[in-house]
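Just need the whole structure built from these sequences, with the hints factored in.
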Amino acid sequence: MKKTLAAIGFLVTYVYGYSQVPEDALRHSWATPSGTARNQAIGGASVSLGGDITSLFYNPAGLGLYKTSEITFSPGLSFYGGKSDYRGTDGTKANNMTRFVIGTSGIVWGMPNPYKKWNNSAFSIGVNRTANFNSTVHYKGQNDYSSFTTEPANEFYGYYQQNKNSGTIDQIIDQAIQDPSLSYNTRMSLSTNLVSVDPSNDEVYSRPEDVIFLDNHPLFQENTITNKGGITEIAIGFASSNQDKLSIGGSIGVPIVNFRSHRVYTESNTVLPNDSVFNSMTYTEDYKSSGVGFNFKIGAIYKFSEAFRMGLVIHTPSIFALTDTYHATMTSDIGTVYGKFTETTDNLNYMNNLPNSYKYDLQTPTRFMLSGTYMFGGGQENVKNQKGFITADIEYLNHRWSRFSSANEGYADDDAYFKGVNNTVKGYYRGAFNFKLGGEIKLEKYMVRAGFAYYGNPYKDKSNLKANLMNVSGGLGYRNKGIFVDLAYVQTLTKDVNFPYRISSGDNTFATVMGSNGNAVLTFGIKF
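Counting in the working numbering, the sequence shown runs without a single skipped number right up to 528 at its last residue.
No farther apart than 30 Å at their CA atoms in a straight line, the calculated lysine-lysine pairs in the DSBU-like style are these: (1) Lys426 <-> Lys83; (2) Lys117 <-> Lys245; (3) Lys228 <-> Lys83; (4) Lys164 <-> Lys340; (5) Lys445 <-> Lys527; (6) Lys527 <-> Lys67; (7) Lys495 <-> Lys460; (8) Lys481 <-> Lys117; (9) Lys245 <-> Lys481; (10) Lys495 <-> Lys288; (11) Lys228 <-> Lys426; (12) Lys83 <-> Lys466; (13) Lys495 <-> Lys83; (14) Lys419 <-> Lys460; (15) Lys288 <-> Lys83; (16) Lys495 <-> Lys426; (17) Lys460 <-> Lys228; (18) Lys445 <-> Lys387; (19) Lys288 <-> Lys419; (20) Lys495 <-> Lys140; (21) Lys67 <-> Lys445; (22) Lys83 <-> Lys460; (23) Lys466 <-> Lys228; (24) Lys117 <-> Lys67; (25) Lys228 <-> Lys419; (26) Lys495 <-> Lys419; (27) Lys140 <-> Lys288; (28) Lys140 <-> Lys83; (29) Lys527 <-> Lys245; (30) Lys245 <-> Lys116; (31) Lys460 <-> Lys359; (32) Lys359 <-> Lys288.
The hints are simulated quantities; they were obtained by calculation from the structure and are not laboratory data.
Here you go:
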């Protein structure tokens, strides 16, 4: 089945060779945070539960339920795998990956004071992996609709029409290759002779597209992407409880971003002989994004009875100051008549005399969460009689609220560029609800837990893109004399899309990527 998507104002994202695309915004907002093994085992539902250091990153009001202090450490292992479907080619498997990760770890200082109205307070500092970018994506298939060079040819067409009277064809192409107002992909496509001008009719053409439209043969396309890194957040928080009924808390988070991506894309003519006008091309890209941000969380938990409580929390947008570095190489094999060509971004002039490193800001969406918890057999004051609990969270965020902006003041080109990117984000994404449900059965010193989470489709219906994320989890716990040990396993099933390239007019082709990832977490803790 052919899969295409109408482009939504995407030309501006290519003009200056910067690398921001809508997926960059989604990567920071559509993620499943880690946590302690207890939290992970119950599906991540924790907004109204409290009594766990994970509250620092979800609803800091949960810290107000602490009557003691504790130190917690949560090492874990993550396993990544999956497969993809690209234009009817099913079941291309990605390479499996295993990574060591750190879940929620830190310290909580409980400060009970039974003689005051606000009788319980707690301060906490901790670290958590709020997003995990480790993944591999691999897909391949035949395409009789478009080429990687479709957009470079479109962009150069406009440039050529404006400048064709300024010199010979070769002079204009040489000028374009070093013109930083054109994208890197366009300039490399010109340098490697994949895009050129036919002197017989003065028309811009793409050699790979000629295979499709003149020779009536599909191109074979293959894309392999290896992503590494994540977002690690350091947070401090404080909460206080009024007569064990109302708990209010807040926290300040400092998320640290480290994302690296290595990509190899190939396009080849598998039908025509070696002396054809196009045999193959390879595009290799190394991309890194790093930076730091800040956010605030403020929430409350109210106990209607010893058995039932509700929680509410708001996460402000995370404001990131990011630096991207980008390096790419393009090679082409035009055939025995023309030979082979290679070009890299290092040889090309930069926009605003900046190297392949670019600073910008990103604002993620606000999050709203509402939750309820029902305790069986006893509430917070009757721990020995507790038999377990069931808890559920509902979360809303609007992915359209993500915003890019320039960190370079005074560059009008930057402002126009990011305005276009933000309009594209609005065109692709929508608001989504996320649901989490979990429970625990307590057997004296031992606990059995299970949970489920569902993250809704962030794409607009009109885009014909479908994505979702589901977590199924379970775990065990042990408590005795101030020492606790928890174990959890989470199986994550994801469905998302990946674009090998984008074009500004017509339809964009994409792959459907199915992920199957596992996460094992072991939490050690000591109460004092």
